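Visitor: Given next are the chains, with one letter for each unit.
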Amino acid sequence: MSATTPVLDVSGTSPIPFSRLVRVELRKTFDTRAGRWLAIAIAAMVVLVDAIVLIVTVVNDQPVSFDDFTGAAAFLTSILLPVLGIMLVSSEWSQRTAMVTFALEPRRPRVILAKATVGVVLALVTVVIALAVGMICNLLYGAMHGNADWSMSWGSVLAFAATQIFSMLGGFALATLLLNTPASIVVFFAYKWVLPIVFAIGGNVMTWFQSFGQWLDFQAAQRELFDPPLTGAQWAHLVVSGVVWLLVPLVLGIWRVLRAEVK
Amino acid sequence: MGAVIEVSGLTKFYGGFQAVKDVSFSCEPGRVTGFLGPNGAGKTTTMRIMVGLTPASSGEATIGGMKYADIPNPGRHVGVLLDASAQHAGRTGREVLSLGARTMGLPLSRVDEMLALVSLDGKEAKRRVRNYSLGMRQRLGIAHALLGDPQVLILDEPANGLDPAGIRWMRGLLKSYAERGGTVLLSSHLLNEVELIADEMILIGRGEIVARGDKKSLLAAAAQGAVTTFVTALDNAALASALEGKGLTVASAGEGLRVEAEAVEVGRTALEAGQVLIDLRAAEGGLEDLFLELTSDTQREHL
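Protein sequences appear in the order of chains A and B.
The numbering of the first sequence is the numbering used here, which starts it at 1 and goes up by one.
The numbering of the second sequence is the numbering used here, which starts it at 1 and goes up by one.
In isolation and in its complexed conformation, chain A is listed as follows (with noise of 0.2 Å):
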């Protein structure tokens, strides 16, 4: 083989723009039952659970306010949300496209951005979607009731935004620890609901574990983002709790696909 004649001349073939991959991966997301019922889930239980408080806070005759219907809205899809990041990840591997996606695009730290690129859309699309749900519900709520408490701040859109992305990150971060759809699933449910009570016991009985387990909580150093101003010590509980839970595990996963062997 000489220089002059290349074998394969690739000169005229420019890399997949990550923009692409970025619509690819976007589309595998709903292109697949599973995947686009979740999401319709996500939009019908956002409504549904947004009508309940309607009804409930009508009915009863009780003060509500904007905020809290995007409360409620965000305490759900917190929960839905990460099914939709592990899937992102783990779909490929139990699925095993992860053999087509990857011969097609071997770099993969680019397969694994646009992943996580998707999710983070995915969490800002929830955030509109929730704000609009709890808008409508609240003009009802005005309506049927008379006076519509539109207090709503922007930290508090802010911090509602943060905490679905974190929440959809550590979804797919455990997924990608894990490379298993139900594993990751039941993984995360335990680290989000389990690990707070643990920490809650764990503070009531022993005092010096209350201090201790505020660097550990995530769940409760992101709760503290909806009363802002945070002070330095729980900025510092975010970071820390946040490097535990969030980043540790997301860097260990990405080495892991990287490094894997693609079956």
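What the hints contain is simulated information worked out from the structure, not anything from laboratory work.
Be a bit skeptical, because a hint or two may be false.
Which chain A residues stay away from chain B? Per the calculated CB distances, all over 12 Å, these [stated by the list, open to error]:
| hint | residue |
| --- | --- |
| 1 | LEU139 |
| 2 | ALA143 |
| 3 | PHE212 |
Here are the simulated distance ranges between beta carbons [unchecked claim]:
| hint | chain 1 | residue 1 | chain 2 | residue 2 | range |
| --- | --- | --- | --- | --- | --- |
| 4 | A | VAL121 | B | LYS216 | 54 to 62 Å |
| 5 | A | PHE30 | B | PRO164 | 21 to 29 Å |
| 6 | A | VAL121 | B | PRO72 | 31 to 39 Å |
| 7 | B | GLU260 | A | GLU261 | 19 to 27 Å |
| 8 | B | LYS175 | A | LEU124 | 48 to 56 Å |
| 9 | A | VAL244 | B | LEU292 | 40 to 48 Å |
| 10 | A | GLU261 | B | LEU190 | 24 to 32 Å |
| 11 | A | ILE197 | B | TYR14 | 37 to 45 Å |
| 12 | A | PHE18 | B | ASP22 | 32 to 40 Å |
| 13 | A | ARG36 | B | LEU108 | 18 to 26 Å |
None of these values were measured; they are calculated from a predicted model.
In this text, a Cβ means the ideal position worked out from N, Cα and C, and glycines have one as well.
Since chain A is already given, all that's left is putting chain B on it; use the hints.
Guide: What follows is chain B alone, placed relative to chain A:
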């Protein structure tokens, strides 16, 4: 033109188990290279290493002088089919191709062209892969490999699950692809499939290459000088005695005779003896024997 696929000193360990042992070969453009060996011989592992899905323990594989991961938009240059079942069961055949076309930046009309090429009709393309037979999955996989109009094809067991008509179709497809200058590497554990399609064969057993070459040279090596011919005459007994009269070893085989001599020698003897021949051919069972013999210590069934 030189080799397109270049594999040199490829070795893969899984713990203490050596799945691929110092495998080196090359594939030239315009030719179909068959990678032949029993199950678990290391064919798939070698192909997976070639496209970067499995890291090699040592050695390297290049395509067009590049590592696979260094090829920009590799689907446009190398068509890969490693496992036809590695598709999301919940996607339709068309969607699988459409995702590939979108990733590679191809117009979606390419999807219809490929569906037509592999004879998956509109109805079948709309079905989910879950409901596909293995043969349909193979067709879809071949369509996916050809999407980007690549110059190189790497296919692992592409004929697996195809019916005889499908195998004939694929043979024609790959031959004409190679005639247009394409490079094809395909693997199989079935000798018959490969010998019909491949211009060149690489025999692998227990992770090692045990023989290589075109069919003729492999047969010559297998025969080791002892050529066998099958012949059937109207009067086999008379022909047998004529052959024996020349000092040739003759044995009866089926409806005819098995002679340890070149076909031309047998024909000449028949002419001299005035015998009418119905059938005269060189024995070709040698290739299968060779295959089994070369890979015998890797077979699960002992000969």
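Visitor: Hints first: check each against the structure and report whether it holds.
Guide: Each hint tested on the structure:
| no. | hint | in the structure |
| --- | --- | --- |
| 1 | LEU139 | holds, 38 Å |
| 2 | ALA143 | holds, 42 Å |
| 3 | PHE212 | holds, 41 Å |
| 4 | VAL121(A) to LYS216(B): 54 to 62 Å | holds, 59 Å |
| 5 | PHE30(A) to PRO164(B): 21 to 29 Å | violated, 40 Å |
| 6 | VAL121(A) to PRO72(B): 31 to 39 Å | violated, 26 Å |
| 7 | GLU260(B) to GLU261(A): 19 to 27 Å | violated, 50 Å |
| 8 | LYS175(B) to LEU124(A): 48 to 56 Å | holds, 52 Å |
| 9 | VAL244(A) to LEU292(B): 40 to 48 Å | violated, 59 Å |
| 10 | GLU261(A) to LEU190(B): 24 to 32 Å | holds, 26 Å |
| 11 | ILE197(A) to TYR14(B): 37 to 45 Å | holds, 42 Å |
| 12 | PHE18(A) to ASP22(B): 32 to 40 Å | holds, 39 Å |
| 13 | ARG36(A) to LEU108(B): 18 to 26 Å | holds, 20 Å |
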